[in-house]
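Novice: Sequence:
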Amino acid sequence: MLERLQIKNFAIIEDIEVIFDNRMNVLTGETGAGKSIIIEALGLLCGNRSSYDKIRNGCEKAFIEGTFRIDNPQIIEAFNQKYDFELESDVLIVSRTLDASMKTTMKLNGRSVPLSLGKELMNSLIDIHSQHKDRSYLDSSCHLEIYDRFLSSLLDESEKEVYRQYQEQFEDYSTTLKRYQTMKASRMSDADLEYLQYQYQELKDAAIQDNEVEELEDKLRSVASYSKTLEIFQTVKEPLEQAFDELYSSKKILGQLKDETFDSSLKRFDESYFELEDAYHELLATFEKLNFNPYEIEEMKNRLFFLKGLMRKYGSSTLEMLNRLVQIEEDLNTYSNYDYNLNKLEKELNDKKVKLLDTALKLQVIRHKYAPLLEEKVNRELEDLLLNNALFKVSFSETELFESGNEKIVFTLRANLGGRFLPLEETASLGEASRLNLALKTVFNALNPVETIVFDEIDTGVSGKVASCIGEKIHQLSLHSQAIVITHLAQVASKAEHHYRVVKTNDAQTTRTLITPLDEEERVKEIAGLLSNGTIDKTALDLARKMLKN
1224 MLERLQIKNF AIIEDIEVIF DNRMNVLTGE TGAGKSIIIE ALGLLCGNRS
1274 SYDKIRNGCE KAFIEGTFRI DNPQIIEAFN QKYDFELESD VLIVSRTLDA
1324 SMKTTMKLNG RSVPLSLGKE LMNSLIDIHS QHKDRSYLDS SCHLEIYDRF
1374 LSSLLDESEK EVYRQYQEQF EDYSTTLKRY QTMKASRMSD ADLEYLQYQY
1424 QELKDAAIQD NEVEELEDKL RSVASYSKTL EIFQTVKEPL EQAFDELYSS
1474 KKILGQLKDE TFDSSLKRFD ESYFELEDAY HELLATFEKL NFNPYEIEEM
1524 KNRLFFLKGL MRKYGSSTLE MLNRLVQIEE DLNTYSNYDY NLNKLEKELN
1574 DKKVKLLDTA LKLQVIRHKY APLLEEKVNR ELEDLLLNNA LFKVSFSETE
1624 LFESGNEKIV FTLRANLGGR FLPLEETASL GEASRLNLAL KTVFNALNPV
1674 ETIVFDEIDT GVSGKVASCI GEKIHQLSLH SQAIVITHLA QVASKAEHHY
1724 RVVKTNDAQT TRTLITPLDE EERVKEIAGL LSNGTIDKTA LDLARKMLKN
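Take any residue in the sequence shown, note its place counting from 1, add 1223, and you have its number in this note's numbering.
Derived by calculation from the structure, the hints in this document are not laboratory data.
C-beta atoms are modelled at their ideal positions from N, C-alpha and C, and glycine is treated no differently.
Honestly, I wouldn't trust all of these hints.
Label pairs and their computed distance ranges (CB to CB) [stated by the list, open to error]: (1) Ser1539 / Phe1619: 48 to 58 Å; (2) Ala1430 / Leu1506: 34 to 44 Å; (3) Met1534 / Ser1409: 24 to 34 Å; (4) Gln1479 / His1504: 21 to 31 Å; (5) Val1726 / Thr1762: 20 to 30 Å; (6) Asn1516 / Thr1458: 14 to 24 Å; (7) Ser1539 / Ser1409: 21 to 31 Å.
With the hints as extra help, turn the sequences into a complete structure.
Specialist: See the structure below:
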């Protein structure tokens, strides 16, 4: 749930901080006071884009920060695993900054993240429902995804396995289809096939060894420095050998000393002599390995020249040329028996399509099985919202195979008795759309509740008993998810546990928005004002108390 919201220098808001509670929170105030600006600021925390002209006049930055307490540990675990993030506690602090230089920053617990990443997490925490903007339940292109989310908490393990199996089979089928389409579109002419055979033979005859080019280059670099190395060894070889002869003679003479006083020194002398001799012979052995004869050098140069010529045609390294040889061999195997291989791949594709279609039919059975349950739940909600003659129905129609099956799902409504079932977006008036969305949200949220639901004036266009029903329905929703509601209707506001008044103040220089939590008596006056269009009398106050009591 959203515990705290701070907004600085955003539109007409200079600096406000709101502490929200659980259950149902309601915001009321005159039109233009800044209520919807608060919701827009919340939208920024959800990763929404905003115009930079919303930065308060005369300020360099706008800043919004929300503190959320996450009750569902699975949300934290899933996010950490997917993005290698480190949300260690159930407290998430989300901030968003808009800069006058047209830059924006989003942070999660102080760590900067891309908007797309923050948006994905926040969409699992908060659902902003607006009269004019939130039409996802009315958009038929979203209905299959929404319906499958509804089913996810109802399916048993065997039914879930059908979903998993379809995804695996569809991915395999799609890969095979691409291979088939690529092969079918790339039939080779006889001339192309002949050229491919020539390339294969050229690379095959070259008998290229692993790392051959690189090793030849290393050896030739050693050859280039060989003459200098030879000069050095010729300079020191004779003096060193003479020195070793003299040292050896001296060692023998010193060995005639039988006085124990010299034993330690003689031992060190012997060890040093043999260590120097070993080092000298090691140097000679290393040098002799570099002893190239001119014929070998010429052969290496010719071989490298030849391989460099092949590299210009087949790759920039030995490995790339060898990989190219393997690819050419595979292409020859494919295109030398093109018709056979194409028919074989086509049969493989058809076999996979048959299996995929069989699994798609199992998906159909599962989806059709639960449709009456969703219809029953939604129609019950519609009755509660006084759409008594309306009837909700899930409509299925077969399609070509795609990533989610082979049928399309559309939510339909019969708005009046005797009418036809039509897609939701074609049937709902403004007031009906609000109630339809609310009914669907109530059903879906009960199974997969988000942490916070925000309602921005969804009661526009309704009044009286309908408004009271909407307020009651939102209150029921708040049993599963925190609700934050902007309303102009007393019937809705009176259902909340927590009430805030939003007001706009003016002085000679500026306009500011303020938000204040109301105590019980202040709530009575606010509800009375909503009931009487601002003219508060005893009748309005008595009715307000009655509404709050009920």
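Novice: All hints, please: hold or fail.
Specialist: Hint check results:
| no. | hint | in the structure |
| --- | --- | --- |
| 1 | Ser1539 / Phe1619: 48 to 58 Å | holds, 55 Å |
| 2 | Ala1430 / Leu1506: 34 to 44 Å | holds, 36 Å |
| 3 | Met1534 / Ser1409: 24 to 34 Å | holds, 26 Å |
| 4 | Gln1479 / His1504: 21 to 31 Å | holds, 27 Å |
| 5 | Val1726 / Thr1762: 20 to 30 Å | holds, 24 Å |
| 6 | Asn1516 / Thr1458: 14 to 24 Å | holds, 22 Å |
| 7 | Ser1539 / Ser1409: 21 to 31 Å | holds, 25 Å |
In summary, the structure agrees with every hint in the numbered list given earlier.
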